[in-house]
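Protein chains: 4
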Amino acid sequence: MKAVVKTEAAPGAKFMDVDVPEPGPRDVLIRVKAVAICGTDIHIYEWSPYAQARIKPPMVFGHECCGEVVKVGSQVTNFAPGDLVAVETHIPDETCYMCKTGLQHICEQMAIIGVHTDGTFAEYAKIPAVCCWKLPKDTNPDLGAILEPWGVAVNGILKGEVNNRTVAVFGCGPIGLMGLGSITAWGASQIFAVEPVETRLKMVPQFAPEAVLVNPTKEDAVKTILEATEGRGVDVSIDISGNAKAIQMAFRVVRRGGRVSLIGLPGAPVELDLTADIIYKEARVFGSTGRTMWQTWYDMQNLMQSGKFDPLPVITHRMPLADFAKGIELAKSGQAGKIILYP
Amino acid sequence: MKAVVKTEAAPGAKFMDVDVPEPGPRDVLIRVKAVAICGTDIHIYEWSPYAQARIKPPMVFGHECCGEVVKVGSQVTNFAPGDLVAVETHIPDETCYMCKTGLQHICEQMAIIGVHTDGTFAEYAKIPAVCCWKLPKDTNPDLGAILEPWGVAVNGILKGEVNNRTVAVFGCGPIGLMGLGSITAWGASQIFAVEPVETRLKMVPQFAPEAVLVNPTKEDAVKTILEATEGRGVDVSIDISGNAKAIQMAFRVVRRGGRVSLIGLPGAPVELDLTADIIYKEARVFGSTGRTMWQTWYDMQNLMQSGKFDPLPVITHRMPLADFAKGIELAKSGQAGKIILYP
Amino acid sequence: MKAVVKTEAAPGAKFMDVDVPEPGPRDVLIRVKAVAICGTDIHIYEWSPYAQARIKPPMVFGHECCGEVVKVGSQVTNFAPGDLVAVETHIPDETCYMCKTGLQHICEQMAIIGVHTDGTFAEYAKIPAVCCWKLPKDTNPDLGAILEPWGVAVNGILKGEVNNRTVAVFGCGPIGLMGLGSITAWGASQIFAVEPVETRLKMVPQFAPEAVLVNPTKEDAVKTILEATEGRGVDVSIDISGNAKAIQMAFRVVRRGGRVSLIGLPGAPVELDLTADIIYKEARVFGSTGRTMWQTWYDMQNLMQSGKFDPLPVITHRMPLADFAKGIELAKSGQAGKIILYP
Amino acid sequence: MKAVVKTEAAPGAKFMDVDVPEPGPRDVLIRVKAVAICGTDIHIYEWSPYAQARIKPPMVFGHECCGEVVKVGSQVTNFAPGDLVAVETHIPDETCYMCKTGLQHICEQMAIIGVHTDGTFAEYAKIPAVCCWKLPKDTNPDLGAILEPWGVAVNGILKGEVNNRTVAVFGCGPIGLMGLGSITAWGASQIFAVEPVETRLKMVPQFAPEAVLVNPTKEDAVKTILEATEGRGVDVSIDISGNAKAIQMAFRVVRRGGRVSLIGLPGAPVELDLTADIIYKEARVFGSTGRTMWQTWYDMQNLMQSGKFDPLPVITHRMPLADFAKGIELAKSGQAGKIILYP
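Chains as they are written, first to last, in the working numbering: chain A, 102 to 444; chain E, 102 to 444; chain X, 102 to 444; chain Z, 102 to 444.
Rather than coming from a laboratory, the hints here were simulated on the basis of the structure.
Hints are supplied without guarantee of correctness; some may be wrong.
Copies of the same chain are indistinguishable here, so a pair counts whether it falls within one copy or spans any two.
[Unchecked claim] Listed next, the in silico DSS-like pairs over lysine-lysine satisfying Cα-Cα at most 27 Å (straight line):
| hint | residue 1 | residue 2 |
| --- | --- | --- |
| 1 | K238 | K201 |
| 2 | K303 | K409 |
| 3 | K201 | K235 |
| 4 | K103 | K433 |
| 5 | K134 | K201 |
| 6 | K103 | K134 |
Bound conformation, chain A alone (with noise of 0.2 Å):
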């Protein structure tokens, strides 16, 4: 089968035939309707810091997946061929204690797909069975592949309280996107987006039609977002950019007794004012990362449900899997949505 495959210890990889995988006793051997392109995607396709320390070539990288099973192992009893799954990337090892009770998703020895084991930037991948979530057979392979990242923003998000509240998104990227759609549907009182890329900033309004628009480059985001809210700051702050700036304007915003959920990952330490921040404002921090397993795929089901929210807007760009490095470029340059690949 075709497979985009990191071939060696270096930037680049390669687009070539590799075999078909053989599943396990509890994996499902899928063919992949579509995958989406992720940010570790690439890291791991320009070989920065982060990918040297994880990934081991030769593998198949991708795992932002949509796909229809086509084989089960033989001691797997909820799934059948010819079932359309998304693939949940995170490997639970099942046995420790986050995993025991009901947190899987922050497992001790938690193994990523398309990180420590091949992925789906391929016509077939090998996905455990516990980590294949079930779609109606009608839906759109499209958005069976951004449930993932859309997952990570909602699992951020549902930390806290969210309804008829006050909340400031710092990155509007596709998680970022689909995040403030959410927000929206789930009756926040008033909403800022805060981005610096004009193009991003741009994409907002078809998903969070009443955010109030910040470019931080622009404008003091702080004073306005301050200004906004009487001087009080808002309920909620949620960083979905990683970013150190944005990470400490999101502690700036945030009202006493507020909410900060961290989702985007900052590549180094942040500086924070604990004191001003988080002491004297008794704010309530909370990490985030993944998605809880299952309750936010229910959430994101749920939301699909109710017809408040559709995410397939935040696809920007579809191309044959062949295609990836342009697809790879693309995401680069911030000036896309979500890619999707299909093989």
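Given chain A, work out where chains E, X and Z should sit, using these hints.
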């Protein structure tokens, strides 16, 4: 001034002249601009056992009120003549454990305006400053008068999660209708409105356009709701009826791990199948009374400012205070929404 | 092997020879080292309506069990012969909404060991691996056998706050006694133990030395508790009796804003004064059943390791499995704590 | 009267005669019976940047205080001469969003006694009635004086679960010691006390007999704690030191899904590895300042009444108010617990 007075321990009331009250050092005197009729007022008018146990004639009753401050007591610093205010009916003692831990609305020595003290079916009313909520001066007084009952719904709804949840509301009188509108704005994913009176049920779509309407006299409400939720039941069940059968249904349809909020006041003990409906399900049940001071009021303010819900359509009739008896008959009929009286 | 078998749909049971069960691919076979008698076993033995509705003879019953793994099914990877395990009675289906969101113990298609499948009043028992909790090999098997009932108390207690709170426990049978010990270790500030059977009440000080003992047949329990709490009532009320009158008292004595945990299973609907006891008080009520998998088990493990509480004194009688009928009579008498049987 | 006065914008203070203050209509005048030295007092005495930014000489400072009411303002109804009171240092404005939603202690316009108003290093002090907490008349005034700092610990500890949890406390000064005693009483299952000053570390066993003592200058605190918790880390990490390195350790040792409470006030921004220590772990972080009014005070009262913890041993020195300078030097040395001054 003119006022509606419960003159004696018997059914009825008189529209008559009484002295304008003199505010004490911590009170304000308001000129009543609009006052709505509450179920409690019907009890008082009809001299029900509830009223007989609480009311000491002669007294002015009525309490869902918006007015303009015309005079303030010597110790009142946060209100001034000209302020427009809505009235919080609960008078907390400000010294008990509840009051000192942020729960004034369940004060251990609570008094109620229009029940334990003279009320607002009058041209002027004396209100403790601690019970006044300042409104923007251009607020429609009709809106100011229905904040109190709307807050009853909001308080009960927000005892837990509601965004992205399936919610069943039992009882679609005025409070139920305003609750349904709030739940819709806050992003419930699926809503069921259960009400035996067709006139009321027909008002629901104005408040919750996507709600499934269920008339329990015409269909098996429990069956309808279970079937529409894959047999699982709803995430949240809210009773605003106080009717024993409705409450039993509310418990029957809540899912395992779900939440029941009890707002309506049953007049007699209710039989519950605790084993099947609460214990085996690990249901969570929250009693809710009045409005949390002042979180509920901020919650309403936020929702109004967001423009996502306007409770005014719950008002179906408006008339002079002199016609109070006609208003009370209308309210009793179950065919009206809120009825506003103007002194 | 020898086992206690419910041979027919009638009162009684037989101690007889049956085949050693063969574990399926996801089961383990254990050699039973100690098994305790539960109220459910009495129902089965006496052929109560509860039993008639659930039990399909012939079957082995019993389920509060500690055993040594002697054989594992082909797909079992996390247990091996020689492991000492305690048995979780609830068999989750692992596919429903509850199971997939961390609430396996309220699975929508729950089966119960010793009720829906053969149980552990036997020399050997076949147990789904998903129901096994590994113990240090030097654990006293008696302790392993009472973890299941102790967990019933722990699960209900930890539905909310308990440290530094005033707590009333209704029902001081074995589960209540172990609950009282746990509450004491977790820092409740004041404890009331309510129980009509003097033998049981006299066991309380061993578990909760500072608890106020209340026999509701000899004094007005509600009055006693209210007077001892400045008329306010307790922060937390826990019913482990399932008795309607006790449940009504539990609601009567909880303070405004307080919590009620319902653990005991009433055999018939219970009349509650919802208006006075839940709504006006804004009480919070939590149904609790079985043990949260596996948080409750970790909670017990933590408490045992801290050395702050030893539940073993709840065991008052030990005898061979062959004497099961004598044990059941003792349990019925209300004069015993836990009774352990050894195959 | 005699008082300790910050007479000018420079290091030092004078013990001198000043006028007895006159209480306003909502104040009480107390005769100070005992007053403890706080870190803030050292700042003021030494004229640190913190003090320079806040203090306007001349003023009396000091604020951890117990006194007897000798006079009440015209509008004060809930206190009377003869009452013994402890002083809550935070003066809320009672009108902002925080104050109106039960969070007066994080008032948007907070003033602090002894910082923004004259304090209690004096024979008499004028205290807003809203800042007084009534004590039983036979309370030891020393105890009354240390409720304020003890409450700082209690407020931070009770931001979440503590019973049956593993807890690491960073910083064993007087507040840390009282916190350790409280955590012990509330049933933590395992406690680590981390403190570089040996004198302080040696005081820990008096407060938390089972705590593991960790001196981070002598061993790798992170390694010690991780090894003692099976590599998982603690459930709860509490920083009461304000030291950047300690805070970083607090984050390093908290387990996935664990809680960090920040109480100590770092003097400068702190670098945190948000990705590893908060986001990937889904840690929950709670800023905590002062005492929740009045829940924290009830929490202390409950704990005292339960007899499970006595904070008095934290007092190591007692002296006349005239010796305040000696007391401040002692406090600075880090070799003392709490120091009580008597006017």
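(request) Starting from the hint list further up, note which numbers the structure goes against and sort them upward. (result) none
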